[in-house]
Amino acid sequence: MSEQTRESDQLGKDRSPAAVLGLSIITFGIYFLYWYYKINDEIRRHDPSIKVTPGWSVVAAMIPLANLVSCYSTAARIRQMQLDEGATDTISPVVALVLHIFLGIGYPLYVASQLREHWHAHRQLATATT
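With this note's numbering, the residue at position 18 of the sequence shown is 18, and numbering never jumps.
No lab work stands behind these hints, which were simulated from the structure alone. Treat the hints with caution; some may be incorrect.
Calculated lysine-lysine pairs in the DSSO-like style (CA-CA distance at most 27 angstroms, straight line) [as the list claims (entries may be wrong)]:
| id | residue 1 | residue 2 |
| --- | --- | --- |
| 1 | K38 | K51 |
| 2 | K51 | K13 |
| 3 | K13 | K38 |
Generate the whole structure from the sequences, applying the supplied hints.
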(Lines of atoms letter the chains of each structure in order from A and count residues from 1; the text may use other names and numbers.)
(Lines give C-alpha, C1' and ligand atoms only; values in the text may rest on other atoms or scores of the structure.)
Protein backbone atom coordinates (compact mmCIF):
# COMPACT_ATOMS: atom_id res chain seq x y z
CA MET A 1 0.00 0.00 0.00
CA SER A 2 1.43 3.38 -0.97
CA GLU A 3 1.96 6.17 1.56
CA GLN A 4 -0.68 8.33 -0.13
CA THR A 5 -3.27 5.52 0.00
CA ARG A 6 -2.52 4.91 3.68
CA GLU A 7 -2.90 8.64 4.41
CA SER A 8 -6.24 8.86 2.59
CA ASP A 9 -7.51 5.79 4.50
CA GLN A 10 -6.86 7.66 7.75
CA LEU A 11 -8.79 10.74 6.67
CA GLY A 12 -12.50 11.03 7.05
CA LYS A 13 -14.92 11.64 4.25
CA ASP A 14 -15.63 15.22 3.24
CA ARG A 15 -19.32 15.59 4.11
CA SER A 16 -21.37 18.71 3.67
CA PRO A 17 -22.93 19.73 7.01
CA ALA A 18 -26.14 20.67 5.19
CA ALA A 19 -26.24 17.26 3.49
CA VAL A 20 -25.81 15.51 6.85
CA LEU A 21 -28.71 17.51 8.26
CA GLY A 22 -30.90 17.14 5.17
CA LEU A 23 -30.38 13.39 4.86
CA SER A 24 -30.97 12.96 8.59
CA ILE A 25 -34.32 14.75 8.31
CA ILE A 26 -35.40 12.95 5.12
CA THR A 27 -34.59 9.52 6.60
CA PHE A 28 -36.18 10.33 9.97
CA GLY A 29 -32.85 10.09 11.79
CA ILE A 30 -31.51 6.89 10.26
CA TYR A 31 -28.81 8.73 8.32
CA PHE A 32 -27.80 10.53 11.53
CA LEU A 33 -27.06 7.16 13.16
CA TYR A 34 -25.10 6.02 10.09
CA TRP A 35 -23.16 9.32 10.04
CA TYR A 36 -22.54 9.12 13.77
CA TYR A 37 -21.08 5.61 13.38
CA LYS A 38 -18.90 6.71 10.46
CA ILE A 39 -17.44 9.78 12.16
CA ASN A 40 -16.54 7.81 15.29
CA ASP A 41 -14.93 5.15 13.10
CA GLU A 42 -12.99 7.81 11.17
CA ILE A 43 -11.75 9.34 14.43
CA ARG A 44 -10.60 5.91 15.62
CA ARG A 45 -8.78 5.17 12.35
CA HIS A 46 -7.22 8.63 12.17
CA ASP A 47 -5.87 8.67 15.73
CA PRO A 48 -5.53 5.19 17.27
CA SER A 49 -4.68 6.74 20.64
CA ILE A 50 -8.30 7.94 20.86
CA LYS A 51 -10.30 5.00 22.14
CA VAL A 52 -13.81 4.72 20.77
CA THR A 53 -16.12 1.90 19.75
CA PRO A 54 -18.34 3.29 16.99
CA GLY A 55 -21.10 0.73 17.48
CA TRP A 56 -21.45 1.52 21.16
CA SER A 57 -21.47 5.22 20.35
CA VAL A 58 -24.51 4.66 18.14
CA VAL A 59 -26.25 2.52 20.76
CA ALA A 60 -25.63 5.23 23.36
CA ALA A 61 -26.99 7.86 20.95
CA MET A 62 -30.35 6.06 21.02
CA ILE A 63 -30.66 5.84 24.82
CA PRO A 64 -31.97 8.84 26.76
CA LEU A 65 -29.31 10.50 28.93
CA ALA A 66 -26.63 8.22 27.47
CA ASN A 67 -27.10 10.13 24.23
CA LEU A 68 -25.98 13.30 25.99
CA VAL A 69 -22.80 11.63 27.22
CA SER A 70 -22.17 10.14 23.78
CA CYS A 71 -22.63 13.45 21.96
CA TYR A 72 -20.36 15.26 24.41
CA SER A 73 -17.74 12.48 24.20
CA THR A 74 -17.72 12.50 20.40
CA ALA A 75 -17.13 16.26 20.37
CA ALA A 76 -14.39 15.80 23.00
CA ARG A 77 -12.71 13.18 20.79
CA ILE A 78 -12.79 15.58 17.84
CA ARG A 79 -11.30 18.29 20.05
CA GLN A 80 -8.55 15.92 21.20
CA MET A 81 -7.78 15.03 17.60
CA GLN A 82 -7.58 18.73 16.71
CA LEU A 83 -5.36 19.55 19.70
CA ASP A 84 -3.03 16.61 19.02
CA GLU A 85 -2.39 18.09 15.60
CA GLY A 86 -1.74 21.61 16.85
CA ALA A 87 -5.04 23.27 16.03
CA THR A 88 -5.82 26.41 17.99
CA ASP A 89 -9.43 26.85 16.85
CA THR A 90 -11.16 23.70 18.11
CA ILE A 91 -14.64 22.36 18.64
CA SER A 92 -16.22 23.02 22.03
CA PRO A 93 -17.80 19.87 23.49
CA VAL A 94 -19.95 22.07 25.76
CA VAL A 95 -21.32 24.05 22.80
CA ALA A 96 -21.95 20.79 20.96
CA LEU A 97 -23.87 19.44 23.95
CA VAL A 98 -25.93 22.62 24.32
CA LEU A 99 -26.76 22.52 20.60
CA HIS A 100 -27.81 18.89 20.96
CA ILE A 101 -30.05 19.61 23.94
CA PHE A 102 -31.68 22.86 22.86
CA LEU A 103 -31.37 22.83 19.08
CA GLY A 104 -31.03 19.23 17.96
CA ILE A 105 -30.35 20.12 14.34
CA GLY A 106 -27.44 22.32 15.41
CA TYR A 107 -25.38 19.38 16.65
CA PRO A 108 -24.77 17.62 13.32
CA LEU A 109 -24.19 20.98 11.60
CA TYR A 110 -21.57 22.01 14.16
CA VAL A 111 -19.81 18.65 14.39
CA ALA A 112 -19.84 18.03 10.63
CA SER A 113 -18.44 21.49 9.92
CA GLN A 114 -15.63 21.01 12.46
CA LEU A 115 -14.72 17.62 11.01
CA ARG A 116 -14.90 18.94 7.46
CA GLU A 117 -12.43 21.71 8.35
CA HIS A 118 -10.11 19.19 9.99
CA TRP A 119 -10.09 16.78 7.04
CA HIS A 120 -9.78 19.68 4.59
CA ALA A 121 -6.67 20.98 6.38
CA HIS A 122 -5.13 17.50 6.13
CA ARG A 123 -5.87 17.26 2.43
CA GLN A 124 -4.37 20.71 1.81
CA LEU A 125 -1.24 19.73 3.70
CA ALA A 126 -0.94 16.49 1.74
CA THR A 127 -1.33 18.38 -1.56
CA ALA A 128 1.25 20.97 -0.55
CA THR A 129 3.85 18.33 0.34
CA THR A 130 3.49 16.35 -2.91
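Which hint numbers does the structure go against, in order from smallest to largest?
none
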